[in-house]
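Novice: Take a look at the letters that make up each chain.
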Amino acid sequence: MSEIKTSMNLDPYERNWIIISIVLAVIFAIIIAVAGFAYGIQVPSPEQRVDPRTVALEGPWADPGLRELAPGKYDAYILAQTWSFVPREMTVPVGAEVTFYITSKDVQHGLKLQDTNLNVQVVPGQVSKLTITFDEPGDYDYICTEYCGAAHAVMFGTLHVEE
Amino acid sequence: MSTPNYEVSQADKKFIGLHLLFATASLFVGILFGPLQALEHSGLDLYPYIKPIFQSYYQGLTIHGVLNALVWTTFFITGFLTLVVIFGLKRDLRYPKLNRVGFWVMVVGLVTTAVPILLDEATVLYTFYPPLKAHWAFYAGLTLIVVGSWIEGYGFFFTFAAWRKENPGVRSPLMALMAVITMAMWQIATLGIAVEILTMLLPWSLGLIEGTDPQLARTYFWFTGHPLVYFWLLPAYISWYAMLPKQVGGKLFSDALARTAFWLFFLLSTPLGFHHQFVDPGIPAGWKFLHAMLTYSVFIPSMLTAFTVIASLERAAKKTHGGKGLLSWIRVLPWGDPSVSAQLLAGILFFFGGVGGLTNASYNVNLVLHNTAWVPGHFHLTVASAATLSFWGISYWLIPYLTGKELKHKKLASWANWIWFVGMIIFSNAMHVVGLLGAPRRTPLGLAPYIPEEWNGHLLRVGIGGSIMFIGACFYFYVVARTAWAKKYEPANVEIPAAESVHDPQQTPEWLDKWVPWIIATVALIIIAYGPQLVDQIANISLNSPGGKFW
Ligand code: HEM
Ligand SMILES: [Cu+2]
Chain P
-9 MSEIKTSMNL
1 DPYERNWIII
11 SIVLAVIFAI
21 IIAVAGFAYG
31 IQVPSPEQRV
41 DPRTVALEGP
51 WADPGLRELA
61 PGKYDAYILA
71 QTWSFVPREM
81 TVPVGAEVTF
91 YITSKDVQHG
101 LKLQDTNLNV
111 QVVPGQVSKL
121 TITFDEPGDY
131 DYICTEYCGA
141 AHAVMFGTLH
151 VEE
Chain C
-5 MSTPNYEVSQ
5 ADKKFIGLHL
15 LFATASLFVG
25 ILFGPLQALE
35 HSGLDLYPYI
45 KPIFQSYYQG
55 LTIHGVLNAL
65 VWTTFFITGF
75 LTLVVIFGLK
85 RDLRYPKLNR
95 VGFWVMVVGL
105 VTTAVPILLD
115 EATVLYTFYP
125 PLKAHWAFYA
135 GLTLIVVGSW
145 IEGYGFFFTF
155 AAWRKENPGV
165 RSPLMALMAV
175 ITMAMWQIAT
185 LGIAVEILTM
195 LLPWSLGLIE
205 GTDPQLARTY
215 FWFTGHPLVY
225 FWLLPAYISW
235 YAMLPKQVGG
245 KLFSDALART
255 AFWLFFLLST
265 PLGFHHQFVD
275 PGIPAGWKFL
285 HAMLTYSVFI
295 PSMLTAFTVI
305 ASLERAAKKT
315 HGGKGLLSWI
325 RVLPWGDPSV
335 SAQLLAGILF
345 FFGGVGGLTN
355 ASYNVNLVLH
365 NTAWVPGHFH
375 LTVASAATLS
385 FWGISYWLIP
395 YLTGKELKHK
405 KLASWANWIW
415 FVGMIIFSNA
425 MHVVGLLGAP
435 RRTPLGLAPY
445 IPEEWNGHLL
455 RVGIGGSIMF
465 IGACFYFYVV
475 ARTAWAKKYE
485 PANVEIPAAE
495 SVHDPQQTPE
505 WLDKWVPWII
515 ATVALIIIAY
525 GPQLVDQIAN
535 ISLNSPGGKF
545 W
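First to last, the sequence lines map onto chains P and C.
The first sequence maps to residues -9 to 153 in my numbering.
The second sequence maps to residues -5 to 545 in my numbering.
You can trust all of the hints, since none of them are fake.
Chain C regions said to be covered by chain P (calculated; three or more residues, Cβ under 8 Å): (1) 364 to 377; (2) 436 to 449; (3) 497 to 507.
Stretch by stretch, here's where chain P covers chain C in the computed footprint (C-beta under 8 Å, at least three residues): (4) 206 to 212; (5) 238 to 252.
In the DMTMM-like style, the derived pairs of lysine to aspartate or glutamate whose C-alpha atoms are separated by at most 25 Å in a straight line are: (6) P:Lys95 - C:Asp530; (7) C:Lys318 - P:Asp1; (8) C:Lys318 - P:Glu4; (9) C:Lys312 - P:Asp1; (10) C:Lys508 - P:Glu4; (11) C:Lys313 - P:Asp1; (12) C:Lys240 - C:Glu494; (13) P:Lys(-5) - C:Glu160; (14) C:Lys245 - P:Glu4; (15) P:Lys95 - C:Glu115; (16) P:Lys(-5) - C:Asp507.
Calculated from the structure, these hints are not laboratory results.
A virtual CB, placed ideally from N, CA and C, is assigned to each residue, including glycine.
Isolated chain P (complex conformation):
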């Protein structure tokens, strides 16, 4: 039995296919990497830990909403809770650069600001932070994208970007 010569028995087409597959995988990876860095695509990273039991009582989420840091520069603190976002509405001028700080005081939620790259998981105890610049006027809904209980489907808010 041991006299049989072992081999992968690769067919030439097979060999080429494997090479193409590896090259393609590397190309995809490079595209993603380059696009990520070149366009400054951000995903949330650990920002700070909070205590979900007290976050609505003290600190910035006790009084959530917009803070103007400098002309056209804002921080937006959003508190997610069953089944609403606080604040429910916000207004910023066109061109505003807004850094969002989002957390939850009860269960997990999601926040997706329609037509932008802001789409984060909102996890109790964590703060989801992302910065978006608004160049187009309009009304942008932020909707809850994670199941959070009975009235999940009606949980949303609106950001007005005005001329």
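With chain P held as given, fit chain C with the ligands onto it using these hints.
Specialist: This is chain C with the ligands only, laid out in the frame that chain P set:
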């Protein structure tokens, strides 16, 4: 070597059949909610009519996810792999009682999970993210299902080891090796939810600890959640590699590459779970990026699979059926055999699923898609098509083999496949598109106050496609029920389709038949990809999320 017409013992046939019974019954109940969800998206809310029994869309969705994605798959897979191990090795189970114990633990687990779900005490969806708090029995039951599947896995390992002892120097039979690799991958992968449930969710739901750490729970969950996808797919691949070539009258194109692909899946399935957590706040961007890159490596065994399976089909079409041309050989394949058409259609749908998967996995495009309807659009092509439709195809010969009764209504079975296929194309396309437009998943959109006009046409197609799929599913259940409960015996002369490979497997290099190096590499890669983050997240654990029942 062994006798070619080896027969699985009557007792084992019954045992495997019991798996299929529980699997199919679960799928039947799980699928009932599919059209309700799809029609709800189209604006036709049927939930008031089931209100006396089922309280909400979300309770239905929990049933749909748990029964379809967790129960149907796990029961079908453990049953099918039992057959594959026994028949592949041409040997009885080493410890048949051990496998029986595993199975009944799964059944007890299923009942324990089902009761709180049906009582609306566990409406937490099949991902059960804390701090939505289900009744403790829900978590206990899920644990038992997993533990039962482990025990059945141990039964396979002992059987495989016994065979190796009895057959020194012989390459292990391909299909048995694949089955055992699948179960070994499952053992490693499920450690995530085992730790999540046992150290956090169960003590919390029992009132022993005050709260949970939802971020750490997500990390544990997705440690299991991604390889779970491969647990669904690999059994379908076993059929595509080791059985389908025979069913179309051909041979497996490459034994060595089939083994390579399975080992690569074993190696690469687990250390990429963060690609489900790209937008989680508690995981550093750098680690997400690493997992995104690792995710692309799975592209390679997937491409190997595509090549070998398609090459086997083409070879059969040309050698056996006189097929010609670059693509027109596809037409001469035996489409009339419902088992074949189910698997070919599953493969076609999976192609689209694979393309979508590449998109999901990209670190940046995911920002647009995360938690939108795109995602269920995607996995109805994978788990609900590549896996489920292939399992249907397998059952068209497996049920006759186990019961000795001819498959009834073969035409209807073919229709079931095609109707599912057509419905799925409409459904999943609409879900992908409306997801790209921003529609969230896990949401009864009929109630949502923020739906723009432009979604409506697509949401209508969700309902239409979903209803068509449901008709296909009804045909399937009718065919298998009629077959299994046929009164008249028309003894079936069914053989298990076991494909030979073009080259003698004995020529396959020995490193493709060795466990230790692959296990070491797999564990090492997991430690590299997960170790530092797990240590960090566990060291900083805060169990301060009490949560509760919010439904
Ligand atoms: C007639 C057939 C089916 C229809 C019409 C259907 C429809 C749907 C719809 C519309 C959703 C999305 C609900 C939402 O996000 O709000 C969904 C979710 C889901 N479906 Fe299906 N489905 C069917 C069959 C299946 C099958 C066969 C499987 C798996 C084997 C499956 C697995 C799932 C899973 C895992 C979810 C996600 C549940 C969650 O988000 O928690 N479905 N289905
Ligand atoms: Cu919410």
